Every structure is written in structure tokens, then in C-alpha cells.
Amino acid sequence: MHTVAAGYVTASMFVLGISAYYLLKARDTGFALRSFAVAAGFGLASTLCVIVLGDESGYTAGEVNKVKLAAIEAEYHTEPAPAGLTLVGMPDDKAQRTDYAVKIPWVLGLIATRSADEPVTGIDDLKKQFAVRIRNGMQAYAALARLKAGDQSPQAKADFERLKGDLGYGLLLKKYTPNVVDATPEQIAMAVNDTVPKVAPMFWSFRLMVGLGLLLLFIFSASFYFLVRKRLAPQRWLLKLALWSIPLPWLAAEFGWFVAEYGRQPWTIAGVLPTNLSASTLSSGNLYFSLAGFVGFYTLLLVVEMFLMVKYARLGPSSLHSGRYHFEQTQTQAQAPLPALASTQS
Amino acid sequence: MLFDYATLKVIWWGFVGALMIGFAVTGGFDLGAGMLLPFLGRNDAERRVVINTVGATWEGNQTWFITAGGALFAAWPLVYAAAFSGFYIALMLLLFALFFRPVGFDYRSKIADPRWRSTWDWALFAGGFVPALIFGVAFGNLLLGVPFRYDDTMRLTYTGSFFALLNPFAILSGLISVAMFVMHGAAFIQIKADGAIAGRAARAAIVAALALCVLFLLAGFIVNGHVEGYRVVSMPGASTAFVPTDKTVVQAVGAWTDNYARWPLTRLLPLIAIAGALQCAWMSRMRVPLAAFISSAIALAGVILTAGVSMFPFVMPSSLDPASSLTLWDAVASRKSLGIMFWVVIVMLPVILLYTGWVYRVLRGKITEADVRLDEHTLY
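Protein sequence lines, in the order shown, are assigned to chains A and B.
Going by my numbering, the first sequence opens with residue 214, and the numbers climb by one from there.
Going by my numbering, the second sequence opens with residue 234, and the numbers climb by one from there.
Since the hints were made in silico from the structure, they are not lab data.
Note that the structure is a prediction, hence the values are computed from the model and not measured.
Glycine included, every Cβ here is placed at the ideal spot set by N, Cα and C.
Mixed in with the good hints there might be a few duds.
To be verified - Sample of chain B residues at the chain A side, in silico, Cβ under 8 Å:
no., residue
1, S318
2, F329
3, L331
4, F332
5, V336
6, K343
7, L389
8, T390
9, Y391
To be verified - Estimated spans, in silico, between C-beta atoms of each pair:
no., chain 1, residue 1, chain 2, residue 2, range
10, A, I482, B, I579, 47 to 57 Å
11, A, L513, B, P583, 34 to 44 Å
12, A, P460, B, W515, 54 to 64 Å
13, A, P460, B, F454, 56 to 66 Å
14, A, Y511, B, D604, 26 to 36 Å
15, A, A446, B, G598, 45 to 55 Å
16, B, D554, A, P398, 38 to 48 Å
17, A, F507, B, V486, 37 to 47 Å
18, A, P398, B, D385, 25 to 35 Å
19, A, F507, B, P583, 51 to 61 Å
20, A, Y511, B, D554, 35 to 45 Å
21, A, S496, B, A508, 14 to 24 Å
22, B, E609, A, L513, 21 to 31 Å
Take the sequences, apply the hints, and build the full model.
Structure below.
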């Protein structure tokens, strides 16, 4: 839902920006004002939806994927509840702290847990939990190997049943030792480190996404405000801002996508299937082929699409050849009052 | 649950087949219209007529293809994984060719330059021809078996290459598929266009239908006498869940005709395919477009069912390790998944058929050059 609403925002911003372009050029203003109004209203509603639904996603992430939340917020250590929100700062994975952090007390705890007394688990405590689960996973893997070897004893079944929830964590060790069960403490420590994505990219992508979202909220709110007050035309700064902001929703969506996909590493299915085990056995040559194909094809489409978009955006409603718009009027007609107005005056 | 696991498995074999036929009968004529576009339309106005015969419905038809892929993923996850990894390059080419369709339809008439329009016309041709060919080539390779195996952790390894897929028998199958969709597209254009375009479409339908008959008979002869089919020797109970490697399979020339001996009524299927194609040619000649289209649809169903029944219960045989072959008994989802999806299909399929039928009713009637001129900015 968050992404669907983000799609609406992207479309609204596009219509808003192109309408602003016509208003800046002072042509087809009647047409442009109407499309501006639709885009401003729909865009404002969609942006609010994106923010509310995004907050909901963050809350869910705080419940089911605590490590993603901790990485986004650079929560290296569990703080006493309610935790403070780090607005900006320089996350340092090695030192496990955020330098130059600007913190707002309480806010993170309130947003993430919707309570004043629940702590937001920090990366240090999460790692301790993961270390236990990885050790359990090794035992689960051993129990499964016994079952596969034909051991039908109730003991083997009971061992597996008890620990099967942690089998996925055991599989994280496959990267370091194919046998899993013979992992050394160093290998276990490496696997524990893998369970937490790098903090800085998560931290910054998330902040860029949210920052762009707030900027879009401002543009739509201001557009809506000046439109309703009928004082849009003098606000040339806003119209210019709207025109140049057309790519911003795309960027925000890309950052959001990065947070979602990078943040779930090392898992394809959180807690069950590690990413490195879910890849197919395709050769890298095949993958280069498809990647090159996608890049080539979409670059071609981008060129064609931009050419057509710019052409038709410049042409505006005149492209419909209905005879009513800017490029279809002769100079004198364009300057003369609209026929409807002229007839009422005479 | 109404049915036991074994029955559900067979029902889902039927559903997947029905989805493939659904795609062939609807999406098939879009592919055909794309292939025929440069040949049926001699000038820009005529080409726009050909495009707009399928313009309003091609996207809806395409969803049959998406649904077939989705159903494969849900009902036969192992087939989905093996086919999409094994046929990777071929399916990527299919995907890239399909990309040409939405952009071709949308971009073509945006700029009047004849070179621009001609480029996109040929892109639309490729968007029809390449998918049609690849569908057939894939089916041909399924009949021959493809080289993959499972290890003891059920990890799949595929040892074939893209060029190995382009063997003579598979290319013959690809040409059958091209002929099927050209015939079907030509039959549809006869309904939706008139005048010179409909006349050319009728001739194209006759040629494609006759070519289909010849190629289909040739393929049947090769499958019967020269292709090593597959036969299940033993497997765990059909109502149990088991992995492919639990069964034993042998290869033998002529094994693909076992089912016709066991269930003599199935011998009608190839006859229906041939009769449908001949009927389509005859009705095109007599200029009865709707009858030609229905005959063509019957021929398509006949060809697809012939391939399906020949291979039953196999879906994707393995030439590398026959025991790894995927059948409808072992490549399936759990009983619970099949049961839930059974009811989804029972409820949704009639709904889809009803609204699709309604859409075609609303959009009935011919597209003419005058229509294209009138709605120049809303039509493709």
C-alpha cells in the first residue's frame, strides 16, 4: 500500500510539474490550472497516505524485523525506553556508535513501539540473540542430517522439532563451512556479523526518502494553499520548484526500495532462507546477458520515452488538434480576449 | 476436502492446460495480428486498422499468460523453478520481445514520420513472432526432455545451453506454434476488419492453416517413430507427497503414444486439431469469419491437448537423469495449496469468462479506416 500510494504521488508530481510549466509560460492557463488543481489535491492526499502507511510499515518492521529497524535508526545499543530518535549523524559500524548525532529524546520509542515503556532493541542485544539462534540452528541442522540418514528414533525427531525454528540461522554458516555443524567460534562470530546490514547506507537512504517525502508534502500543501487562496500565479518560486521536483518521487521510491531490499540482508525469507542459498545455479554468463539486455533495453526506452514526453509536454493540449489551444492560435487570436468573454462584453 | 490428493493433482494438470488454451485462444490472436501487421496493412491507415483490431483487448488477453505463469508458480513450483532457470536465455528473449508490444502499440502513432512508424511496425512483428516461436520451441524441448537433475538436497542443476534448445525438432515445434497463431490472428482480423484487409487476412488464414496441418502431421510422425518418450516404471502412491527422485523412469521410442493406446478416445485430439485447421481454412475461403475463428480456436486447443496428453503424466522430463523428471504427481504444491486454489479457480474462472465475454460484446463490430481517422488521438 505504501508503494501504491507512492506511485500516485509520482504521477501527481508529474502532472503538477508540467502544469506549472504551462503556468510559468502563461499559455493554456485555463487548462493548466485545472490539471494543477487535480494534481495538487490528489497529490496532497496521496502524500499523506504514503506517510501514514510508511509509519505503519515502520511499526510492523519494529515488531517482526527488529534488526532492520535498528539499522535504519542506527540504534547500536539498547537505550532505556522510550528511545531517542537520531535525526542525523555519522554511523560508525566499527566503533558501534553514531558520531555528531543530533538526537530528539523519546521520539523513536514512541514511533516504533507506540508506547512509552517498551525499549527499542539495539544491535548489540540483537546480535546476542542471533548468536544463540545460530548455535541452535547448528543443532537443528545436525538433527536434520540424522533424520535424512534414516534415523527414525523419537529422540532425533524431538531434537529437530524443538529447534527447527532456528534451522535458517544455522544455514547462515553454510557460507563459511558446508557442513554447518563443525563451525568454529570465529565462523559463528562472522555469521553473527552477517545478520546485521551495514548501518550507514540504511540510515542515509531512509533519511533521504523521508526528507524527500516531507519536501513533497510541503510542495503539495503550498500548491493546494495558494490554489485555494487563488494566489498561485505570483508564486513563481513554487511553480519552478514544482517543475524541477518532477524526478523527486522517483528518487524517494528508489531510496525506499533500497532500504527494504538491503535491509533484509542476509535473508531472502527472514529467519528461514539466507540469500546466498536461494540463488539459482545459472551461470554468470547467463546473468550478464539478461542484465545487459535489461540495461540496454530500458536505456533505449528511456531515450524514446523522454523524447516523446518532452515533445508532448512542450506541445501541451495543442497536440489534440482541437483548435482551442496555444499553438493552434494565430498571434492576433491569442492576444484577443476569449470568444466567450468577447460576446458577453458586446 | 472434496477430492483426494491424487485427484486434485490431475485436476490441476487440467487447469494449467486450460490456462494455456485460454492464453492461446485470446493472447494468440494478438501475437498473430502482430506478425501479420506488416503484411496485411499496405499503407499507414490500413496498418492502424490492423493494430486497432486487437488494440482494445490485447492487454486483457495478455493476463492469461501472466495467470498461466502464476498458476505454474503456485501449483507446480518445481516446474516453474526448473523451466525458468533451464530456459533462462530463451525466456529472457521472450520477455524482451514482449516488451516491444506495449511500447510499440503506444509509441507508433505518436509521430507521423514513416520511418518511425515502420520501425515500430517491425518491432510489433518481432513482438508477435519471437514469443510464438519460443513457446513452440519450449514445447518441442519438453517432448524431447531437457538436461537437469536434482541432488540429494533437491538443488536443481541444469546442464543444457540456449543453442541446444534450437534443435531441428524444437524448431519444427516452433514453426507449428507460429502457424497456429498466424492462423488464429488472421481469423480474428477477418471478424474485426473489412474490405481489402479482411480479404488478405482470409488468404493468410488459409495458408497458415494448411501449413499447420502439414507441420503437425510431420511432428506427429517424428514423435511416434523417432523421439524417445518417457515412461514411469514405478513411483510411490499418487495420493502421497514425494520428491521426483523417488520414482523410476525409462526412455523408449514411442512411449509418447502409450496414452493413446490406453485411452482410445484421446486419439480424437490430433484429429480435432487437423479438422479444426481445415475447417478454419474452408470457412476463411467461404468468408464466414466467426466460424473460421471458432474453428481456429478448436484447432489450437486440439494441438495443445495433443502435446499435453502425449506427455501425461510428465510435465518436464529430464534427459540427463530420467528419475529427476517432473510429473504432475511429484512437481506439485501441497494438498492444502491445491485445495485452496481449486476453490479460487472455481469461483474466479467463471467471473473472468463472464466479464471477458461482456467486454468483447461491448467492443463488437468492425474497425474501419474511418474509425481510425475519427479517433486519431485515442486509438493506437
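Evaluation of the provided hints:
With a cut of 8 Å, the hint placing S318(B) at the interface with chain A holds, because the nearest CB-to-CB distance is about 5 Å. For F329(B), the interface hint holds, since its Cβ comes within 8 Å of a Cβ in chain A; the closest pair sits about 6 Å apart. At a threshold of 8 Å, the smallest CB-CB gap from L331(B) to chain A is about 11 Å, leaving the interface hint violated. For F332(B), the shortest C-beta to C-beta distance to chain A is roughly 6 Å, which falls under 8 Å, so the interface hint holds.
The closest approach between the C-beta of V336(B) and any C-beta of chain A is roughly 6 Å, which is under the 8 Å cut-off, so the hint is satisfied. The restraint placing K343(B) at the interface with chain A holds, with a minimum CB-CB distance near 6 Å, inside the 8 Å limit. The beta carbon of L389(B) comes within 6 Å of a beta carbon in chain A, closer than 8 Å, and the hint placing it at the interface holds. Of the supplied interface hints, the one on T390(B) holds, with its beta-carbon coming within about 5 Å of a beta-carbon of chain A, less than 8 Å.
Below 8 Å, beta-carbon pairs count as interface contacts, and Y391(B) has one with chain A at about 7 Å; its hint therefore holds. The hinted window of 47 to 57 Å between I482(A) and I579(B) is violated, with their beta carbons roughly 30 Å apart. Range check, L513(A) to P583(B): about 42 Å between beta-carbon atoms, so the 34 to 44 Å window is met. At roughly 58 Å, the beta carbons of P460(A) and W515(B) sit within the given window of 54 to 64 Å.
One distance hint, 56 to 66 Å for the beta-carbon pair P460(A) and F454(B), holds here, with the actual separation near 60 Å. Checked against the given bound of 26 to 36 Å, the beta carbons of Y511(A) and D604(B), roughly 34 Å apart, stay inside it. Remark: the range hint 45 to 55 Å for A446(A) to G598(B) is upheld by a beta-carbon distance near 47 Å. Separated by about 40 Å at the C-beta atoms, D554(B) and P398(A) satisfy the suggested range of 38 to 48 Å.
For F507(A) and V486(B), the Cβ-Cβ distance of about 42 Å falls inside the hinted range of 37 to 47 Å, so the restraint holds. A hinted range of 25 to 35 Å for the beta carbons of P398(A) and D385(B) is consistent with their spacing of about 29 Å. Between F507(A) and P583(B) the CB atoms are about 38 Å apart, so this pair departs from the stated range of 51 to 61 Å. Between Y511(A) and D554(B) the beta carbon distance is about 38 Å. The supplied range of 35 to 45 Å therefore holds.
At roughly 45 Å, the beta carbons of S496(A) and A508(B) sit outside the given window of 14 to 24 Å. Between E609(B) and L513(A), the C-beta spacing of about 26 Å keeps the proposed range 21 to 31 Å intact.
Checked against the numbered hints above, the structure breaks hints 3, 10, 19, 21 and satisfies the rest.
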